[in-house]
Each structure stands twice: as structure tokens, then as C-alpha cells.
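With the hints as extra help, turn the sequences into a complete structure.
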Amino acid sequence: MAITASRGTRAAKSTRVRGRGAINSHSPAHRHDGRLAWVLIAPALVGFLVFFLYPTLRGIYLSFTDFKVLTPPTFTGFDNFVRLFGDQVFWSSLGVTVYFVLLSVVFGMTVSLVTAVVLHRLTSNTVVRGIIILPFLISGVVAATTWSWMLDSQLGVVNMLIEQLTGEPIMFLGSRAWAIPSIAMISVWKSMGYNAIIIFAGLQTIPPTIYEAGRIDGANEVQMFRRLTLPLLRPILAMVLVLTVIGSFQVFDIVAVTTKGGPANASNVLQMYIYDKAFGQFDFGYGATMSLALFAMLIIITFLQMRLMRASESDTN
Amino acid sequence: MTTILKPTPRVTTELLTTPERPRSPRGRTRSRFSPGRAVAWLYIVIVLVVTVFPFYWMLRTAFSNNYSLIRDPGSLLPVDFTWGAFARVLGLASQEQSLAEGGSGASIQILHFLLNSVIYATVQTVAIVFFSTIAAYAFARLRWKGRDLMFSIFLAALMVPGILTLLPNFVLVKDLGLLNTFAGMILPTALFSAFNIFFLRQFMLGLSEEIEEAALIDGAGRLRVLFRITLPMTSGPIITLSILGFITAWNDYFWPLLVTSDDSVRPLTLALAVFKQSSPQASPDWAGLMAATLVAALPMLLLFLVFGKRIVNSIGFTGLK
Numbered sequence: 016m017a018i019t020a021s022r023g024t025r026a027a028k029s030t031r032v033r034g035r036g037a038i039n040s041h042s043p044a045h046r047h048d049g050r051l052a053w054v055l056i057a058p059a060l061v062g063f064l065v066f067f068l069y070p071t072l073r074g075i076y077l078s079f080t081d082f083k084v085l086t087p088p089t090f091t092g093f094d095n096f097v098r099l100f101g102d103q104v105f106w107s108s109l110g111v112t113v114y115f116v117l118l119s120v121v122f123g124m125t126v127s128l129v130t131a132v133v134l135h136r137l138t139s140n141t142v143v144r145g146i147i148i149l150p151f152l153i154s155g156v157v158a159a160t161t162w163s164w165m166l167d168s169q170l171g172v173v174n175m176l177i178e179q180l181t182g183e184p185i186m187f188l189g190s191r192a193w194a195i196p197s198i199a200m201i202s203v204w205k206s207m208g209y210n211a212i213i214i215f216a217g218l219q220t221i222p223p224t225i226y227e228a229g230r231i232d233g234a235n236e237v238q239m240f241r242r243l244t245l246p247l248l249r250p251i252l253a254m255v256l257v258l259t260v261i262g263s264f265q266v267f268d269i270v271a272v273t274t275k276g277g278p279a280n281a282s283n284v285l286q287m288y289i290y291d292k293a294f295g296q297f298d299f300g301y302g303a304t305m306s307l308a309l310f311a312m313l314i315i316i317t318f319l320q321m322r323l324m325r326a327s328e329s330d331t332n
Numbered sequence: 134m135t136t137i138l139k140p141t142p143r144v145t146t147e148l149l150t151t152p153e154r155p156r157s158p159r160g161r162t163r164s165r166f167s168p169g170r171a172v173a174w175l176y177i178v179i180v181l182v183v184t185v186f187p188f189y190w191m192l193r194t195a196f197s198n199n200y201s202l203i204r205d206p207g208s209l210l211p212v213d214f215t216w217g218a219f220a221r222v223l224g225l226a227s228q229e230q231s232l233a234e235g236g237s238g239a240s241i242q243i244l245h246f247l248l249n250s251v252i253y254a255t256v257q258t259v260a261i262v263f264f265s266t267i268a269a270y271a272f273a274r275l276r277w278k279g280r281d282l283m284f285s286i287f288l289a290a291l292m293v294p295g296i297l298t299l300l301p302n303f304v305l306v307k308d309l310g311l312l313n314t315f316a317g318m319i320l321p322t323a324l325f326s327a328f329n330i331f332f333l334r335q336f337m338l339g340l341s342e343e344i345e346e347a348a349l350i351d352g353a354g355r356l357r358v359l360f361r362i363t364l365p366m367t368s369g370p371i372i373t374l375s376i377l378g379f380i381t382a383w384n385d386y387f388w389p390l391l392v393t394s395d396d397s398v399r400p401l402t403l404a405l406a407v408f409k410q411s412s413p414q415a416s417p418d419w420a421g422l423m424a425a426t427l428v429a430a431l432p433m434l435l436l437f438l439v440f441g442k443r444i445v446n447s448i449g450f451t452g453l454k
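Note that the protein sequences, when read in sequence, are chains P and Z.
If you count by the working numbering, then the first sequence holds residues 16 to 332, one letter each, in order.
If you count by the working numbering, then the second sequence holds residues 134 to 454, one letter each, in order.
Source of the hints: derived by calculation from the structure; they are not laboratory data.
Do not take every clue at face value.
Now the in silico label distances, taken between C-beta atoms and shown as ranges [as the list claims (entries may be wrong)]:
1) V183(Z) x Y114(P): 21 to 29 Å
2) K442(Z) x S107(P): 43 to 51 Å
3) N140(P) x S167(Z): 15 to 23 Å
Glycine included, C-beta positions come from ideal geometry on N, C-alpha and C.
Here is the structure:
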């Protein structure tokens, strides 16, 4: 932090210590920084305090209360949590959600990875990548409405095809067995392109020389994919994985439009159940308790993500 | 991965590795025919068809007569081509007309909802990007006490999922008397975005400070430097975040669902879901639904036509951060 530096050397200095308060705080240019800084971050700070920190803390508090919105919350200790442990519907919702997450992740990650790798190998044409991103641009509601028409058991075009092949239509969204796989399929359709583009961008950062070196060392294609491509992609794959898991855990719009949680709770995912409790039955306290449970799960996933990413760093460096 | 590799190991493994032969300087791999490339292109074509077909089906159904759909559900072209479905959802068709073409009689004031969506998504996006930019500037360029602490707190918010805030924020908006208002819909997400601030700050730190310093020495005020120098230089990431933010806001369903109970400020995405849920289970007006769906998706598709390449690059770019 040199105080008396000519302009040239100060600029040189600032590139070196960038981010750690590059310029000196006593220089005239920074005299009024403090006041201005607080003005500039004031809107963000208000937003953070009022709409993020306060509601998060209030959410934790409300989960220990009986709260029906119209009357003030009454503290009930661990009652909601005891109820949660005995709530069959909650556990079945959790099971349904985990099933959905697993299907979306396994199917979605596989298709995204294969698509990205094949695309990267074949063409750098932006039009092709542009087309596969289309479903990401539309809302879950639009995607779900369109697919519920295409999957319709009587007039849906998908069932036209299936009937031609097997003679039997499939009740995609109307049967217990198919509801969640169908919703997962719609979700994968919507997010595949987005994930593939992120993985594609990751592939572009891998220098081709690495593969040449691998070839010289006598590695075959399988070895190079497993030993070079996958490890180098790991940070990106870890990120896509966690985004998919966190997003899938909170799936709501596709379910709300296609099945509303039915038939007979077969697709009653956690977010749907929370919504139903809080806004269908005005049981806000219990809704908050379930949100807290979901919150805890997401925190654990985020934590695991950081472990996963750090592991990859020590691996590749 | 092994499960994918099994069926045709030779072909697929070749595909799954990135350039296995040195590329020519222009970055093109050999273009002569090989079975591997053929399978790969076939795969891409299938992916593209599965991606695009639902959009085509929307279009095809929206231009069909809803009654005739029953007669010929598998036809690849519109059945009894008509603009009727659009007239129905835009409220231009009379009751008789709409019933004659298999409408349910229910209509959706689509222009009203479209306007709501435009207001909601635009105001929300402009506000959040603007407030994030000025905050990012304070973190990137100004020296002040508590800066690093404040930044770590904001960064921690990036790690904490927002799921807990939904119900309490609803209660807050309700207590403020802001249910069924744009303010109630927009405010909670218009002020603070940890991701935006972080993203913009990182970018600003990478900008050369020399021009800014020169301007300061020439007597320009900090705010002038921010708006006349730093902001234009940050336009790339600002546009990126605006596009992604606009898409997210336009497609948002859950929050508007919580804070609106009537049609006054309801955005199109939500109105569409309500329209879908209220259409009769027995014989839904699929043509009308697809017409409404198309109108809801159209602004995004236009955005795509204009900014397609930028969107693709933005997504790859944000992913690498």
C-alpha cells in the first residue's frame, strides 16, 4: 500500500493487489468513499435484511408455532416436529420427491453429458446449441401444459404412437406408476439443453494438447474419457449436479399444472404438500416446519457440493 | 457411464472422447464419413427433434379446430385450419363462435395478463440489475469500513437456500397490505441478489482502474465515474444478467401464485396455469390452451431470435464462474 506513488507505478501496483483495496484509502479520491458506499449498497442491504434474513429467521421461529395467518402465532415448542415424524403423507412426499430427484439427475445428467460431448465433437455451430436451449426459455407452466396435451391418454400424439406400436395407450399423468417418471421426463426435457450448454462450455476450456499427450502415452479412447475428460469436467459436473438436485427438490410448477400431486398422492412432492398445507389449509406453522426440513436438506446438499468441488481441485491440480 | 458404453463400445467411446486426432488449425475435425460420426449425427438429430417437436405441436394444435382434433388426433398438420383458437383466447370471438369450434366458453383476457407480465418482468429485472450494479461498484472500487465483512455476509446468502423465506415473505407482504399489487409481487426480489452482486463485482475487479483514476484526478465525482465509465464498461455482464433475470421473472410461477388472488396484477404464466386448471377435465379446449401457451411463450421466443447467440454464451459463461 504505497502512499506516495506516481500514477504509473500505482496502476502497476493495483493490478498486483487487486481486490484487496487496490488504492490507498487516504488518497483524496477515496475520502468520501464510506458515505457513498453505504448509499450504494443501501437498497441491496434493505432487500437482504427485510426479504432474506428476517424472513429466514422468522421462518425458523414460525416452525415452532401454531400459526393460522389470521391470528398471531402461538409458541408450541416441538409439537410440529413431533407431528412431522408421525406424518405419513410427509414421508411419502419425501419419498416421491427423492424418487423424482433421482430420475431427473440420473436421466438428465446422462443425456446432458452425452449431448454436450457429442456436440463438442461434431460441431461448434451456435444454431444447434441455440435450438437445444429453447425449452429453458419457456416457463415450467408452458412446458407442462404442452406435454400434458402430448401425453394425453386419448388424443395425445405420444399415445398415438405408442398405440400403433403396442396397441395399449399409457396413462402417463393419470396413473400412480407413471406420474413421477412422466413429470421427471418433462423436467429433463426442459433443463437438458441448459445443462448441456454449461458442460459444453466446460469442454471448450480443456486444451486439445492434453489429449495429444494422452495419445502419445498410449491411452485409448475409454481411458482418455475416464482419466482426462471426466476429471477435468468434474467441477462443472459437480455444479450442474447440485443445481439439478436443488432445483428438483423444489419442483412445483410442472406438478401443479400436470397432476396437482395426484393420483392419490403419487406425485405429491414436498413443495406441493407444503403449499397445500399452508395455502390450502392455512396451517402456516406446520408449513414452515416442513420448509425448515427441506431447508436443512438443501443445506446438506450445498455442503456436500463444496466438498465435491474441493475434492476435484486437489485431484486436478 | 459404463452402461452407456456397453451396447456399441467402439462407436460410442470414440464419440465420448473429445478430439482424438489433432485438429487442423481451423478447428475442424476430419469431415469424411465414418460410422461413428453417422451415429453421432443421428443422436443429435433425435435430440433436436425431441426438443423442437413440442413447439411445433403447440403451433399445429393452436391452428386446429378443437372439435376436429378428436377426429384426427395424429395429423401432423393443423386439423381444419382456423384462427379461432387465437380469437378465443384474445377475447375476439363471440360465445357462439367459440362454442362452435369446441371452446369451453371460458376465455382468458390474454392481453391484460401479457401487459401484467411485461410490467412485472421489466420492473423487476431493471430494479434488481441496477441495485446489484451499484452495490457491486461499492464492493469492487470503494474503500470503506466493514466492506469485507459485508461482502462475506452477502456471499453467505448465496449459499443459503431461499426456501424458508417464501411463507414469511407472504405474511410480510400481506401485513403490508400489498397482496394483489405489483409492489408486493416485485419488491421481495427487486432489491437484493447475492449472485448478481458477486458476478458483477468479479467483473469490475477485472477492469483496468486507470481510466477511472484519470477521470477522478480530472475532477469527476465518484458517481459520475460510476455511471459514465464503469457502467458502460460493464454493459456485457449487465446485459447477460438482465436477459437471464427477465427470463426467470417472466417464467416465475410460485411467488405470483402466493401473492395474487385475483386477475388484477396476475402475470400470464400464472393465468395460463389457472386457465389450464379450470378447463373441463372431460373435453378440454386443447386448441385454445395451445394458443394461449404460444402467446405466453412468444416473447421468450422473440427474445431468443434477437439474443440467441448471446443467451447461449451467457449460460456457458455463468456456468464457468
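Each hint, compared with the structure:
no.	hint	in the structure
1	V183(Z) x Y114(P): 21 to 29 Å	holds, 23 Å
2	K442(Z) x S107(P): 43 to 51 Å	holds, 45 Å
3	N140(P) x S167(Z): 15 to 23 Å	holds, 19 Å
Consistency note: the structure conflicts with none of the earlier hints.
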